[in-house]
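Under our numbering, residues 312 to 377 are what the sequence shown spells out, in order.
Think of the hints as simulated: they come from the structure by calculation, not from any bench. Be aware that a few hints might be false.
SDA-like mimics (lysine to any residue), calculated; alpha carbons at most 25 Å apart, straight line [what the hints assert, rightly or not]:
1. K326 <-> P347
2. K326 <-> T337
3. K326 <-> A316
4. K326 <-> S375
5. K358 <-> H368
Cβ-Cβ distance ranges computed for the label pairs, FRET-style [unchecked claim]:
6. L329 <-> Y367: 20 to 26 Å
7. W349 <-> T319: 28 to 34 Å
8. N328 <-> C364: 37 to 43 Å
9. N328 <-> G369: 20 to 26 Å
10. F343 <-> L363: 18 to 24 Å
11. S375 <-> W349: 14 to 20 Å
12. N354 <-> S375: 17 to 23 Å
13. F357 <-> N328: 34 to 40 Å
14. A316 <-> W372: 34 to 40 Å
15. N328 <-> E353: 14 to 20 Å
16. D336 <-> A316: 40 to 46 Å
17. M376 <-> P322: 15 to 21 Å
18. T337 <-> H368: 24 to 30 Å
Bear in mind that the values here come from a model prediction, so they are computed numbers and not experimental data. C-beta: ideal position from N, C-alpha, C; glycine also.
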Amino acid sequence: MTLSALLTQEPATIKSNLVHPRGRDTFWRFYFGSVPGWQHLENDIFKMMDNLCDIYHGAFWEFSML
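Using the sequences plus the hints, can you model the full thing?
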């Protein structure tokens with residue numbers, strides 16, 4: 312496929328499905344279960360955001376599957 316053909320192509324639609332709060336553990340296990348220490352990953356992300364962003368003071372994150 313040529314570059315001009317790629318540039319004129321319509322972008323694909325990405326659909327998003329919100330993960331139910333009761334499905335958060337399943338979400339993490341499905342996508343990150345092979346990562347050592349995946350159980351602590353969410354908390355590590357929250358701590359990193361707190362350190363990197365002055366206005367971030369914790370929040371409830373909604374997860375979506377694309």
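Hints, verified against the model:
no.: 1; hint: K326 <-> P347; verdict: 29 Å, violated
no.: 2; hint: K326 <-> T337; verdict: 20 Å, holds
no.: 3; hint: K326 <-> A316; verdict: 24 Å, holds
no.: 4; hint: K326 <-> S375; verdict: 10 Å, holds
no.: 5; hint: K358 <-> H368; verdict: 9 Å, holds
no.: 6; hint: L329 <-> Y367: 20 to 26 Å; verdict: 22 Å, holds
no.: 7; hint: W349 <-> T319: 28 to 34 Å; verdict: 41 Å, violated
no.: 8; hint: N328 <-> C364: 37 to 43 Å; verdict: 27 Å, violated
no.: 9; hint: N328 <-> G369: 20 to 26 Å; verdict: 25 Å, holds
no.: 10; hint: F343 <-> L363: 18 to 24 Å; verdict: 21 Å, holds
no.: 11; hint: S375 <-> W349: 14 to 20 Å; verdict: 18 Å, holds
no.: 12; hint: N354 <-> S375: 17 to 23 Å; verdict: 20 Å, holds
no.: 13; hint: F357 <-> N328: 34 to 40 Å; verdict: 23 Å, violated
no.: 14; hint: A316 <-> W372: 34 to 40 Å; verdict: 38 Å, holds
no.: 15; hint: N328 <-> E353: 14 to 20 Å; verdict: 19 Å, holds
no.: 16; hint: D336 <-> A316: 40 to 46 Å; verdict: 44 Å, holds
no.: 17; hint: M376 <-> P322: 15 to 21 Å; verdict: 20 Å, holds
no.: 18; hint: T337 <-> H368: 24 to 30 Å; verdict: 28 Å, holds
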